[in-house]
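Could you build all of it, start to finish, from the sequences and the hints given here?
Number of protein chains: 2
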Amino acid sequence: MQGQNISDIIEKYLKKILAESEQVEISRSEIAQLFNVVPSQINYVMKTRFTIQNGYIVESKRGGGGYIRIEKVNLLDDVDVLDSLIETIGDSISQREGLAIVQTLYNNEVVNRREANLILASIDKQTLAADNRMQENSFRARILIGILNHLRYES
Amino acid sequence: MQGQNISDIIEKYLKKILAESEQVEISRSEIAQLFNVVPSQINYVMKTRFTIQNGYIVESKRGGGGYIRIEKVNLLDDVDVLDSLIETIGDSISQREGLAIVQTLYNNEVVNRREANLILASIDKQTLAADNRMQENSFRARILIGILNHLRYES
DNA sequence: ACTTTGTTTGACTAATGTTGACTATTATTA
DNA sequence: TAATAATAGTCAACATTAGTCAAACAAAGT
Chain V
1 MQGQNISDII
11 EKYLKKILAE
21 SEQVEISRSE
31 IAQLFNVVPS
41 QINYVMKTRF
51 TIQNGYIVES
61 KRGGGGYIRI
71 EKVNLLDDVD
81 VLDSLIETIG
91 DSISQREGLA
101 IVQTLYNNEV
111 VNRREANLIL
121 ASIDKQTLAA
131 DNRMQENSFR
141 ARILIGILNH
151 LRYES
Chain D
1 MQGQNISDII
11 EKYLKKILAE
21 SEQVEISRSE
31 IAQLFNVVPS
41 QINYVMKTRF
51 TIQNGYIVES
61 KRGGGGYIRI
71 EKVNLLDDVD
81 VLDSLIETIG
91 DSISQREGLA
101 IVQTLYNNEV
111 VNRREANLIL
121 ASIDKQTLAA
131 DNRMQENSFR
141 ARILIGILNH
151 LRYES
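Those protein sequences? They're chains V and D, same order as listed. Just so you know, we're using UniProt numbering here: the first sequence kicks off at 1 and counts up by one. Just so you know, we're using UniProt numbering here: the second sequence kicks off at 1 and counts up by one.
Be aware that one or more of the hints could be misleading.
[As the list claims (entries may be wrong)] 27 Å max Cα-Cα, derived DSSO-like pairs, lysine-lysine:
hint, chain 1, residue 1, chain 2, residue 2
1, V, K61, D, K15
2, D, K125, V, K61
3, D, K16, D, K72
4, V, K61, D, K12
5, V, K12, V, K61
Simulated from the structure, these hints should not be mistaken for lab results.
Written as structure tokens, this is what we have:
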């Protein structure tokens, strides 16, 4: 039997619920209590077992009536393309290279023209207007990767 | 599932009314009594859920016959609203406020759902993952303004 | 055995919501 | 016009959640 540690058990518990419904909304402290672990262990489970690569989106809110919501999403077919693009980007990318990435997305029909232009607006040199080139390229990389990760699934 | 805290409930109550008519006029104390909260909680709800970023304008009057009036505004009809939206962004904006703005763009059919999610991905806290909060909010502001200006001159 | 990777824990931090005392404004009444 | 009543606004303390991070511990590789 594999999966005997408590994180695996919590993971199974939640995925069983998610097999029935599209999403779960939990109270971190309640789940923690239910499995007799500290609350932050729930964060660990989220971070290691409910990632976007696995097809899950996790959202949360603090304060009174706070929650953690896990949503199961359908991963698309182009995931491999997206992965390799993300790899290409790394942690820094120029505007010219960014344009090429968006072009690729458009050519592969991952995004349409309007969406492509929207992305370009967000990674535009003038938009980012960073203090220095390194910072600008760094944020451009993060934004593009965030968008690519988003394109993994249909919402 | 969602909306366990009383502020969310009050928000929903008011938005239900606003779905029918363009505006509501309430008595702060009456609403407070209706939901069994202190009057100032109504101000909290206004400040966090009925801002211009959310697409609402709140006006009020004190004294006898005082009121709080919530008005739904339309981005398309009102060019000034877009401008004031950009103005409220300034050079820094939180993820929460950013979400409110994108939601408003969607509600006003300036963008569709897919585009809205694309924008949200680009201004997401995790996407930006800046060294500090100020930097994160600063770049979020630049991106949003860049996108808003793009949308303005696009259609 | 040693090293690397994964898990568990708890102290500290951050975000959001609730409450009430005090203040400000407007209308009504003396 | 001055006093009073009837509203709404502000602000800071407190309450209620979730998040981060690094240390301790455990398991798996080499």
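For each hint, the structure was consulted:
no.: 1; hint: V:K61 x D:K15; in the structure: 21 Å, holds
no.: 2; hint: D:K125 x V:K61; in the structure: 13 Å, holds
no.: 3; hint: D:K16 x D:K72; in the structure: 12 Å, holds
no.: 4; hint: V:K61 x D:K12; in the structure: 17 Å, holds
no.: 5; hint: V:K12 x V:K61; in the structure: 23 Å, holds
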